[in-house]
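**Student:** Turn these sequences into a full structure, and let the hints steer you where they fit.
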Amino acid sequence: MSFDGILSVSEGIATIEIKGELDASTAPRFHDLIDQAAEQGAVRLEIDARHLDFLASAGLRSLVFARQKMGDEVRIAVIGATEPVSRTIRLAGFDHSIELIDA
Amino acid sequence: MTTQDVRERVDAFPTRRIGGHRVRAGRPFPYGAHPVPGGINFSVYSDRATAMRLVLFERGARHPMAELEFPPEFRIGSVYAMTVFDLDAENLEYGFRADGPFDPGAGDRFDAGKVLSDPYARLISGRDVWGREPDWDDVYPYRAKVLDDDFDWGDDTPLGIPTEDLVIYETHVRGFTRHPSSGVSAPGTYAGLREKIPHLKDLGVNCVELLPVFEFDELDNPRTDPATGGRLHNYWGYNTVSFFAPKAGYAATGRFGMQADEFKTLVRDLHRAGIEVMLDVVFNHTAEGNEQGPTISFRGLDNATYYMLTPQGEYYNFSGTGNTVNCNHPVVRDFVLSCLRYWVSEYHIDGFRFDLAAILDRAPDGTPLPNPPLLEQLAHDPILRHTKLIAEAWDAAGLYQVGAFPNYGRWSEWNGKYRDTVRRFVKGEPGLVGELATRMAGSPDLYRGRTASASVNFVTAHDGFTLHDLVSYNDKHNEANGEDNRDGANDNHSWNCGEEGPSGSAHVRDLRTRQMKNMLGILLTSQGVPMLLAGDEVGRTQLGNNNGYCQDNALSWFDWGLVEANAELLAFTRALIAFRHAHPVLRSADHPTGSDRVGSGYPDIGWHGVRAWDPDWSAHSRVLAWMRCGRHAKGGTVRDDHVYVAVNAHWESHDLELPGLPEGQAWHLFADTGLGAPHGPGPLGAEPELHHPGRYHLGPHTLVILVGRDRRTG
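Protein chains in written order, with this note's numbering: chain A, 8 to 110; chain B, -11 to 702.
Since the hints were made in silico from the structure, they are not lab data. Among these hints, one or two may not hold up.
[To be verified] Okay, the calculated bits of chain A under chain B, using three or more residues with CB under 8 Å as the criterion:
1. 28 to 39
2. 90 to 101
[Claimed, not checked] Some chain B residues flagged as far from chain A (calculated, every beta-carbon gap over 12 Å):
3. E61
4. D96
5. V127
6. N209
7. N359
8. P370
9. A385
10. Y388
11. R619
[What the hints assert, rightly or not] From chain B, some residues computed to sit far from chain A (all C-beta separations above 10 Å):
12. N29
13. S173
14. A240
15. G245
16. G419
17. L531
18. D584
19. E651
20. G673
21. G687
Even for Gly, the Cβ is constructed at its ideal location relative to N, Cα and C.
**Tutor:** Right, here's the structure in full:
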């Protein structure tokens, strides 16, 4: 599975740009980036999902992991997800603690 | 070392290779497939197999990628367990191949040519998208998969609504939102149902009962619609393939294998809206049918354990569908209990309605048992301690146990006698006043000592006519089912109000509306637990088809256009439900006794006819009224208004003398089914006082509900 994730933190806002597929084999790498963002004390997490091709069951769980890792006060937004990806997140019910924002 | 560091287990490494995979002896519990450190543990029971293989597929592949034989040392008792390492759980499908004797006379039907599904599979693929044509040559059509069972339930806690306070709404998951008029983003799915929670909340129901959601094969129906030539489906789903897996085809995300998450989200959101979730479960038979049916799982793993067999090894057929699950066999008992515990603990389900439940108290040889081990165990199970249990207390072989189901003080029953009595009385059959009284008092003749909430009262259910069709058809019209109208019940106790089917007559339509409201009025003021059929609140019709089990089309789908078209009926139903919630006197758990136990001067229930305190129980009487004394609400622990309900099933009006009220109180009009808009029910709590305090003019085929309380001063 191909996956790429780039973390940048600026003025308390952590941005993780993800590319490729988020599934059971690639999710751990995504989790590492979230761990780093949390360690750097980010108050807002933005996940740039414009190039996220596919989100498997493990990928959905990564969103919950992010919420649990960052804490309730941190705003988490998934930005620019394609229609199939954002639809899957909504229909499976994993959008209740994150913001889904169009690009 | 913090709690985050988990010591590595000394039994988390492989000990040998089988079939090209690194493996070790597995753990027998839990049955099924579960991730363990480094691998997946597989466990399956078979008492009489002579050899067992684990069959592994890459997702969607035609043929297995590996077959691993369980060696003797991987077996404990009759349980085969193996942990396999380095598997990609996400892309895995697994099954079993069991070898053993084919000796039907002895009960064995092993077939090593078949790949068998796991009875404990928690996710099934093969019917991921409803109705999609599969590869009919697939050697393994219903494939077990490994489930990601973690889920963020948030603060979901059991609602714990007392059974006597429930208002149950029975619906089919797909049928509820599949109609194009639903306007939801994923029609016919768990996600779709979730979008309609506002409708349920607004209606006021606090419990939804879902037709079977355990994985089943909707394509399992050989018939076609004689009129259109279109395929008929196994739409209702009373034919379980897999008891631990939610139906993928009911999930918008089923194609991605996310049906468990989507369903859990639905349950979570229903709970947030104050609505409990009950599942219709079918333990009386499986989709394998009799010896001519497919071998999917149970037959190939342990036929003699899972099915009731005659001494000659033939299938007992108490379900009418081909086979009967051997529920009281110790191993099958364990299976059923594990299943129920699983749905309660993992899916937060609040209750179950057991289809053809009389089968659950039959012994392996079919004999009805007075103290059936399964039911006894169920009643005392720790996890299921507060789970609601409802029995359809009959089966398809003449065992009718309404009022006699072995209940251990826990069970409620679908009260078929209530349904028939109310239908017959409202349609105008004489001589039923006495029986109607018994039914609306919670059927103490059947349930004395078991509390009134043992009686689930209903006038309609998925079986039979919808409420609208009950008042629009004298006869069933099931031609579309492809069986020459031979299928479906004949004793519907329906009355078409003067014309069969759609009518242009305002008089007929008016009467039909009134009759529907009469039945709803009786149902929602009766002692016991009321159950409504989805769509009855908007007059849903199946055009006279009273057995819609195979109709996956507009005939059975909820038409949301009716919400506006029949807004008045919806408002009436909503008001009645709100009335029930507002008046605890209607929701006592115990049967009324007809005596004054609190010194109010009134009995807890009093019967009236045209004259107060003088009911007419005679054979030609068609008028009955009852008054519930508000001081007796909830065993006298709560004060409520007095409630008076009168129903006139006669074709002539009657002037009713009303029972007197204490000084300072008066009767107020909540609802009269003969009054159309704008004279709707209520307003709740501010109902208008009657013009004539002591009497009421009740029209033909009409019901009235009055509330007795302090008159407004000034």
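**Student:** Does each hint hold? Answer for all of them.
**Tutor:** How the hints compare with the structure:
Only residues whose C-beta sits within less than 8 Å of a C-beta in chain B count toward coverage, and the segment 28 to 39 of chain A has 3 of them, enough to reach three; the restraint holds. Interface restraint, the segment 90 to 101 of chain A with chain B: holds (7 residues with C-beta to C-beta distance below 8 Å; minimum three). Interface exclusion of B/E61 from chain A stands, the closest Cβ pair being 31 Å apart, more than 12 Å. Annotated as non-interface, B/D96 keeps its C-beta farther than 12 Å from every C-beta of chain A; the closest such distance is 39 Å.
For B/V127, the non-interface assignment is confirmed: its Cβ lies about 26 Å from the closest Cβ of chain A, beyond the 12 Å cut-off. At the 12 Å boundary, the C-beta of B/N209 stays outside the reach of chain A, the nearest C-beta of that chain being 28 Å off. With 12 Å as the threshold on Cβ separation, the claim that B/N359 sits away from chain A holds: the shortest Cβ distance comes to roughly 43 Å. With a minimum CB-CB distance of about 29 Å to chain A, B/P370 clears the 12 Å threshold, and the non-interface call stands.
A cut-off of 12 Å between C-beta atoms confirms that B/A385 is not in contact with chain A; the least separation is 42 Å. The Cβ of B/Y388 lies farther than 12 Å from every Cβ of chain A, with a closest approach of about 42 Å, so its non-interface assignment holds. At the 12 Å boundary, the C-beta of B/R619 stays outside the reach of chain A, the nearest C-beta of that chain being 46 Å off. The claim that B/N29 lies off the interface holds: its Cβ sits roughly 17 Å from the closest Cβ of chain A, which is beyond the 10 Å cut-off.
The beta carbon of B/S173 sits about 8 Å from the closest Cβ of chain A, which is not more than 10 Å, so the claim that it is off the interface is violated. Not every CB of chain A lies more than 10 Å from the CB of B/A240, the least distance being 4 Å, so the non-interface label is violated. At the 10 Å boundary, the C-beta of B/G245 falls inside the reach of chain A, the nearest C-beta of that chain being 6 Å off. With a cut of 10 Å on Cβ distances, B/G419 stays outside the contact zone with chain A, its closest approach being about 53 Å.
Annotated as non-interface, B/L531 keeps its C-beta farther than 10 Å from every C-beta of chain A; the closest such distance is 32 Å. Even its closest Cβ contact with chain A, about 52 Å, leaves B/D584 beyond 10 Å, as expected for a residue assigned away from the interface. Every CB of chain A lies more than 10 Å from the CB of B/E651, the least distance being 55 Å, so the non-interface label holds. Every CB of chain A is more than 10 Å from the CB of B/G673 (nearest about 35 Å), matching its label as outside the interface.
Every CB of chain A lies more than 10 Å from the CB of B/G687, the least distance being 49 Å, so the non-interface label holds.
In the structure shown, a violation is registered for the earlier hints numbered 13, 14 and 15, in ascending order.
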